[in-house]
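Protein chains in written order, with my numbering: chain U, 14 to 388; chain D, 445 to 564.
Don't read these hints as lab results, they were simulated from the structure.
Do not rely on the hints blindly, as some may be mistaken.
Claimed, not checked - Taking lysine to aspartate or glutamate and the DMTMM-like style, the derived pairs with C-alpha atoms no more than 25 Å apart in a straight line are:
| no. | chain 1 | residue 1 | chain 2 | residue 2 |
| --- | --- | --- | --- | --- |
| 1 | U | 75 | U | 133 |
| 2 | U | 162 | D | 540 |
| 3 | U | 370 | U | 347 |
| 4 | U | 159 | D | 540 |
| 5 | U | 321 | D | 503 |
| 6 | U | 159 | D | 499 |
| 7 | U | 222 | U | 264 |
| 8 | U | 125 | D | 536 |
| 9 | U | 125 | U | 226 |
| 10 | U | 125 | D | 540 |
Unchecked claim - Derived CB-CB ranges, DEER-like:
| no. | chain 1 | residue 1 | chain 2 | residue 2 | range |
| --- | --- | --- | --- | --- | --- |
| 11 | U | 106 | D | 469 | 21 to 29 Å |
| 12 | D | 490 | U | 55 | 24 to 32 Å |
| 13 | U | 120 | D | 461 | 53 to 61 Å |
| 14 | U | 35 | D | 465 | 17 to 25 Å |
| 15 | D | 456 | U | 55 | 43 to 51 Å |
As the structure is a prediction and not an experimental result, all values here were calculated from the model.
Idealized CB from N, CA, C, for every residue including glycine.
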Amino acid sequence: MHIITAYLMDSQFKKKLKGVKAEQCLFAFLLILVLFLTYLNVTGTYKISLRGEGPIIVHESKIIDLREMTLRQKISQMLILFGQEHNLNDVRLLNPGGVYVGAISADPQGFKDASYRLQENKSVPFFIVTDMEGCINPFSAFRTFKAFKDINTTEEAYQAGLEEGQLMNELGFNLNFAPVVDLEDYIWKCRSFNSGPVDVAEKAEAYIKGMHESDVLVTIKHYPGKTLLANDPHKEILRTEIEDRDVYPFEYLSKKADAVMPSHQITGGVVDTDGKPADVSNSALNTLRKDFNGLIITDDIQMLGLKKFYGNDAEMYIDLFNTDNDMIIFMTNDLPKVDQMVSIIEQAVKDGKIDEKRIDRSVIKILTAKGYTVL
Amino acid sequence: MSKKKISVLRIANIILIILAAILILNMIIPLKPVTGGAVFTYETSNAACLYTYGEDSTEMPVDICCNEVQKVLRCDTLIDDPNYYQVCYTSENPSEPHYYLNSDAYNYCILNGFAIQKEA
Numbered sequence: 014m015h016i017i018t019a020y021l022m023d024s025q026f027k028k029k030l031k032g033v034k035a036e037q038c039l040f041a042f043l044l045i046l047v048l049f050l051t052y053l054n055v056t057g058t059y060k061i062s063l064r065g066e067g068p069i070i071v072h073e074s075k076i077i078d079l080r081e082m083t084l085r086q087k088i089s090q091m092l093i094l095f096g097q098e099h100n101l102n103d104v105r106l107l108n109p110g111g112v113y114v115g116a117i118s119a120d121p122q123g124f125k126d127a128s129y130r131l132q133e134n135k136s137v138p139f140f141i142v143t144d145m146e147g148c149i150n151p152f153s154a155f156r157t158f159k160a161f162k163d164i165n166t167t168e169e170a171y172q173a174g175l176e177e178g179q180l181m182n183e184l185g186f187n188l189n190f191a192p193v194v195d196l197e198d199y200i201w202k203c204r205s206f207n208s209g210p211v212d213v214a215e216k217a218e219a220y221i222k223g224m225h226e227s228d229v230l231v232t233i234k235h236y237p238g239k240t241l242l243a244n245d246p247h248k249e250i251l252r253t254e255i256e257d258r259d260v261y262p263f264e265y266l267s268k269k270a271d272a273v274m275p276s277h278q279i280t281g282g283v284v285d286t287d288g289k290p291a292d293v294s295n296s297a298l299n300t301l302r303k304d305f306n307g308l309i310i311t312d313d314i315q316m317l318g319l320k321k322f323y324g325n326d327a328e329m330y331i332d333l334f335n336t337d338n339d340m341i342i343f344m345t346n347d348l349p350k351v352d353q354m355v356s357i358i359e360q361a362v363k364d365g366k367i368d369e370k371r372i373d374r375s376v377i378k379i380l381t382a383k384g385y386t387v388l
Numbered sequence: 445m446s447k448k449k450i451s452v453l454r455i456a457n458i459i460l461i462i463l464a465a466i467l468i469l470n471m472i473i474p475l476k477p478v479t480g481g482a483v484f485t486y487e488t489s490n491a492a493c494l495y496t497y498g499e500d501s502t503e504m505p506v507d508i509c510c511n512e513v514q515k516v517l518r519c520d521t522l523i524d525d526p527n528y529y530q531v532c533y534t535s536e537n538p539s540e541p542h543y544y545l546n547s548d549a550y551n552y553c554i555l556n557g558f559a560i561q562k563e564a
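Turn these sequences into a full structure, and let the hints steer you where they fit.
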């Protein structure tokens with residue numbers, strides 16, 4: 014009896030001991046798992062490898078069937094991301110419609126190499142974009158140009174467009190975020206032609222002609238005008254009154270420019286944005302669309318003029334896609350955040366918050382501008 | 445003693461299982477972006493950015509400054525300057541645009557995800 018009792022007690026003790034050991038092992042395993050998952054969530058490193066999409070299918074004679082494109086491919090075509098020396102491969106993986114390249118090199122070969130690395134084996138090439146605006150010039154380490162403010166005649170403007178365009182083309186760029194057609198520039202004091210509306214419009218027209226002869230597309234900015242004002246350096250959301258003279262260059266150039274960039278400003282007067290930044294204002298973009306059928310490209314959505322207007326980024330993303338923007342500039346080095354944005358838009362389309370036909374319209378415009386026939 | 449230990453471990457394990465499930469869910473379903481950045485995102489009161497072009501200079505809004513500084517070739521730390529921490533430019537030629545950022549402006553740009561150029 015004594016032996017049996019001792020045996021039972023011993024086996025119960027062993028059971029308990031085993032239970033403790035099992036719980037301890039489970040605890041250690043779960044702790045490691047949670048730490049690993051936290052790392053993945055915080056860094057977002059898992060996202061790109063999970064969501065990378067394949068190439069867009071292109072048929073003979075540069076024909077693309079929209080039905081063969083996935084929703085993520087379409088959304089990605091509407092993005093312009095920031096390409097830097099270290100992230101070009103990741104940017105390629107996300108397959109955006111365009112890549113902004115700033116001053117990544119002090120010599121021309123560095124730009125040529127970057128363009129080649131980006132475009133190599135792409136079924137649909139990127140827009141490779143920069144701000145080539147005379148004084149704001151990513152190539153100024155090896156080539157300088159006249160500031161727009163110092164361009165006095167339309168002939169000089171044409172020559173500037175031609176020479177800047179030729180350099181861009183030679184280095185692999187095909188879209189310029191210029192010319193600025195705001196009538197004044199009180200911040201940089203060099204980016205605007207700095208004269209009356211008719212003169213600005215005519216110089217911009219000549220500049221565009223030069224760019225087009227160099228096979229570079231142009232973007233006039235920033236709709237509806239009065240953007241380059243800095244009365245208060247700590248005030249991000251600006252409100253201005255737009256007059257007829259401010260929008261004149263946009264109307265005059267509506268059939269010549271390939272793209273228009275609306276600003277993040279809230280405006281009243283002849284272009285009323287209904288209390289919203291221009292690039293998320295249906296009212297402003299509908300006014301712009303009356304004359305203009307090209308690409309509408311937002312300014313960088315990282316900027317506070319837009320961001321501060323929204324409570325959270327998801328709401329901002331959905332509004333940007335629900336307004337008539339064709340391309341959205343997202344200048345961030347946080348590529349998982351871009352991937353998350355694509356997922357939010359994808360979900361919003363599935364939930365019926367964004368009409369897929371709206372996205373299709375923009376994708377058709379983008380691919381057409383790239384020289385494709387879209388079915 | 446063992447009973448108490450097992451109970452504590454069991455509770456800890458249940459909590460860890462719940463945490464792991466939330467983290468996995470967050471990876472599969474895109475949740476709305478977290479708002480943890482809000483504290484620093486909009487704090488610009490002491491940030492300053494000076495833009496110079498030839499003989500002209502202008503203090504510019506910090507977020508526009510961050511946006512522009514991303515596009516330049518390089519930024520250098522200013523060691524002896526009491527007002528500014530970094531100078532950013534594409535061409536060393538002083539007649540070409542230069543941006544001077546104080547440390548608050550520089551940190552603001554970095555924390556907000558702007559891709560500021562590292563020192564060469």
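Handout entry: Those earlier numbered hints the structure runs against, lowest number first
Key = Per hint list: 3, 15 violated.
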